[in-house]
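Given the structure of chain U, go ahead and fit chain C onto it with the hints provided.
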Amino acid sequence: MKLAARLKSLNTPLTLVAGILIIALFTQLAGISLLTRIVTVMFVSLMVVLGLQLYMGNSGILNFAHVGFMGIGAYTAVLLSMTPQAKLLTNSGLYPVLAPLHLPFLPSILIGALVAAALAAIIGYPLMRLSDAAAVITSFAVLVIINVVMLHWDPVTNGPRTLFGVDYRTTLWMSVIFAMFTIVAVYLFKESRVGLRLRASRDDRYAAASIGINMMVMRWLAFVASAFVAGMGGGLWAHFITSFSPYSFYLSETFVVLAMLVIGGPSSVSGAVVGTLVVTATREALRAIENQINILQIFPQGFFGFTEVVLSIVLILILVYRPTGIMGNHELHWPRLRRKTDVVELNEPKA
Amino acid sequence: MINLEFIINTLSLGSLYAMLALGLVIVYGILNLVNFAYGELIMVGGYVMFLLTAFSPLPWLVVGILAIGAGMLASLFTELVAFRPVREKSLTAMLVTSFAISTLLQNAALLIISPRARAVTLPEIFQTSVMIAGTSVPWRNILTIVTCVVTLTLLTLLLRHTVLGIALRAAADNFKMTRLLGVPANTVISTAFAISGIMAGIVSIFWIGRSSSVTPTIGAPPLLVAFVACVIGGMRNLTGAVVGGFVYAIIISLLGVILPPGLVEFREAFMFVIVIIILLFRPEGLIRSKTSVERVG
Chain U
0 MKLAARLKSL NTPLTLVAGI LIIALFTQLA GISLLTRIVT VMFVSLMVVL
50 GLQLYMGNSG ILNFAHVGFM GIGAYTAVLL SMTPQAKLLT NSGLYPVLAP
100 LHLPFLPSIL IGALVAAALA AIIGYPLMRL SDAAAVITSF AVLVIINVVM
150 LHWDPVTNGP RTLFGVDYRT TLWMSVIFAM FTIVAVYLFK ESRVGLRLRA
200 SRDDRYAAAS IGINMMVMRW LAFVASAFVA GMGGGLWAHF ITSFSPYSFY
250 LSETFVVLAM LVIGGPSSVS GAVVGTLVVT ATREALRAIE NQINILQIFP
300 QGFFGFTEVV LSIVLILILV YRPTGIMGNH ELHWPRLRRK TDVVELNEPK
350 A
Chain C
0 MINLEFIINT LSLGSLYAML ALGLVIVYGI LNLVNFAYGE LIMVGGYVMF
50 LLTAFSPLPW LVVGILAIGA GMLASLFTEL VAFRPVREKS LTAMLVTSFA
100 ISTLLQNAAL LIISPRARAV TLPEIFQTSV MIAGTSVPWR NILTIVTCVV
150 TLTLLTLLLR HTVLGIALRA AADNFKMTRL LGVPANTVIS TAFAISGIMA
200 GIVSIFWIGR SSSVTPTIGA PPLLVAFVAC VIGGMRNLTG AVVGGFVYAI
250 IISLLGVILP PGLVEFREAF MFVIVIIILL FRPEGLIRSK TSVERVG
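Line by line, the protein sequences give chains U and C. Quick note on numbering that gives the first Met the number 0: the first sequence kicks off at 0 and runs consecutively. Quick note on numbering that gives the first Met the number 0: the second sequence kicks off at 0 and runs consecutively.
These are calculated hints, taken from the structure and not from any lab test. Incorrect hints may have been included.
Per the computed footprint, the stretches of chain U lying under chain C, defined by three or more beta-carbons under 8 angstroms from a beta-carbon of chain C, are [unchecked claim]: (1) 74-85; (2) 121-135; (3) 297-303.
Here a beta-carbon is modelled for each residue, glycine too, at the ideal position from N, C-alpha and C.
One chain only, chain U, in its complex shape:
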């Protein structure tokens, strides 16, 4: 009885996890290396998008800084996991203190995530009192600041140059495991006290304040947790791609992550998952077309930017015709487990 109730309350995340597992199994069985790469990146992106959903979906505040925290996680993790020789090979001007640090993969990305979360905790504390446009501009400012620092702090990040020589550690199943845990964690956060209070403050900040909800603290907790997830996603991504530069964590990546979340539906965990799947599939299809056209040399000067053009049009169309995204405010459910009478949905806003 207790178990059944618990399973029922975890219906949504388990359904989503099942979906992820099916995709992973299929990819494994298909054994096509290109597909494996695409799916692995998709699961890592899924983690980052889920992290964004954790903050944006529950607080209702648009956050541009997210990808910046992903970058912080990536650089921290990489500086810990690479061997001293590899580090000095790619960045000879590295601070001497950083060179001898050498940790296994998992502690590295965990520390990367913690550093991202710690920075978010410091930066975020004063920022959480801002709403609307001011919140958006400050989050954008944070992204710019992180990017400028990454671009020019040569002794740590190798400046604008590519940092290479990272070990390849993020396999398909590694990304699957992280994605599954993140889904469950983000869902549990949404349903937790903090998540519920935060959503209440999103829907009506004055009503929420009147029943004693400290909105700033709730937002802050979500912001820190979201940066933690982003940082971990960044660490995973870095150990998949193995060489990268600060340009990987700026506006174009922000656009993709935002597109995934907004197209899927920012106010539900299922939305983040569905959005990531849909956008990845669309992007890869478009990119294949783009590459094919470039190979055939139909246009003498090359054919670039087609993928982004189509994706941004899709994003605008979604915002015009279905501003709450594909999933709206709904979560996916495994139909059999749910009786008609049992759940009175906590109404989410129509906004």
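Leaving out everything else, chain C in the frame of chain U:
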């Protein structure tokens, strides 16, 4: 270090930034929309200049006017196609839309023209200098200051003495009330976007005058400048935008002089730290406006 050359350079930079900030604020004041696609309007102006100077015999003055017109049309077009349908939905929807338009225009330029920089041939006057009181001053800088003065005068006249201008100012103060008094929302918003586009067009001439080339990503730096200038001056206030533009120019020039060489490359980061501090402690900017609801505690 602070001599006549420094002053004129800073004034010219300030003029440019003031016009830049004005274009952003005029839309923000009415719609609360931080238009991320604003930088791309400058890019559109730049590409029109590139195309016209490279492939047509038109005299330079006409090219400049057409570039400004292109900025205006692009701005009106984005408003009509993208912002109008999402306007009533939510602030987030509008912001994401503007971000999407920015990406769209950038990649459209990439797709249609080229990812590589295109040289824009500018008239002689952009390269020559004049001697004033013993220092050589580029004509370009003087031209920027003059244009700014003329533009601001015209804009002030428009805003103070025409019905449309008065409606625009009223809408910036209280859009709901203005609509209740019978001012058509679409007209006001379109006008704001048109002015914003004209500003972007004017800025594009001088911005590209500095580098003599145009790339698909040229819109990002001016957008960041406009953000900072607006926040410094106060997001809801046109005078504030102008003040903010000049203050930005002064701060960035001084940072270039004051900061030790190793930190100069971080000066953008310093600017954005200033932005965050201002938004936290004085969200209404240097020039106070009516109300500010951005801060909740």
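Problem - Ascending list of hint numbers which this structure does not respect - result: Checked against the structure, the only hint that fails is number 1, while the rest are satisfied.
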